[in-house]
Amino acid sequence: GQQLNQSPQSMFIQEGEDVSMNCTSSSIFNTWLWYKQDPGEGPVLLIALYKAGELTSNGRLTAQFGITRKDSFLNISASIPSDVGIYFCAGCNNAGNMLTFGGGTRLMVKP
Amino acid sequence: NAGVTQTPKFRVLKTGQSMTLLCAQDMNHEYMYWYRQDPGMGLRLIHYSVGEGTTAKGEVPDGYNVSRLKKQNFLLGLESAAPSQTSVYFCASSYDDTEAFFGQGTRLTVV
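Line by line, the protein sequences give chains A and B.
The numbers in my numbering rise by one with no breaks, and the one at position 79 of the first sequence is 79.
The numbers in my numbering rise by one with no breaks, and the one at position 59 of the second sequence is 59.
Keep in mind the hints are simulated off the structure, nothing from the lab.
Here the structure is a predicted model, which means the values were calculated and not measured.
Treat the hints with caution; some may be incorrect.
[As the list claims (entries may be wrong)] Lysine-lysine pairs mimicking DSS-like chemistry, simulated, CA-CA at most 27 Å apart:
| # | chain 1 | residue 1 | chain 2 | residue 2 |
| --- | --- | --- | --- | --- |
| 1 | B | Lys-57 | A | Lys-70 |
| 2 | A | Lys-36 | A | Lys-51 |
| 3 | A | Lys-36 | B | Lys-14 |
| 4 | A | Lys-70 | B | Lys-9 |
[To be verified] Listing some non-contacts, in silico: residues in chain A with all C-beta distances to chain B over 10 Å:
| # | residue |
| --- | --- |
| 5 | Asn-58 |
| 6 | Val-84 |
| 7 | Leu-99 |
| 8 | Leu-107 |
C-beta: ideal position from N, C-alpha, C; glycine also.
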């Protein structure tokens, strides 16, 4: 089956720092999504990307759909304590396969 | 607007017992999904449905059954629970096969 490799697995940063995480795949995807999961909650959609090369922002979050269609990046600028959580990438090839999720990046922010 | 609602939120089962997890969505979505989340494993798709009356196997379907008798409901059944099924279960729904909206999860422990 399809696999998504998400890195890093965890990050412990100082408040105010910028954060970068990425996902890579051996398969081509037509859609990349980024989710955030707070403790005890379900994942919430942050950003959706539908076109290779697309760069989309949502407040302090910026995500890019890699030009090869096999990767995607999420950047968080000026991190704050409420950014703490697990961030998941997900890809879809719109060929009858459902979303495939990466293993997640656990972000911890030190005030 | 409730979105995706899962019941129960917590459950403890003995090995061999059966149970049904309920999922309801009020967004008139065609697609519904059941995922399980285990530490370090991300989200893995158990079963999904692309419309009322249809179901399909995902990545880890063994030991589970599902039914989609009504468009707004998607039921996940465990016929004979095993300790390996201890996990957090998430239901999700989507308009198409991309942007999925998640419930808050059901934490199941099998002893």
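Do the hints match the structure? See the list:
no.	hint	result
1	B:Lys-57 to A:Lys-70	holds (25 Å)
2	A:Lys-36 to A:Lys-51	holds (21 Å)
3	A:Lys-36 to B:Lys-14	violated (32 Å)
4	A:Lys-70 to B:Lys-9	violated (36 Å)
5	Asn-58	holds (13 Å)
6	Val-84	holds (17 Å)
7	Leu-99	violated (6 Å)
8	Leu-107	holds (15 Å)
The structure fails hints 3, 4, 7 (numbered hints given earlier, in ascending order).
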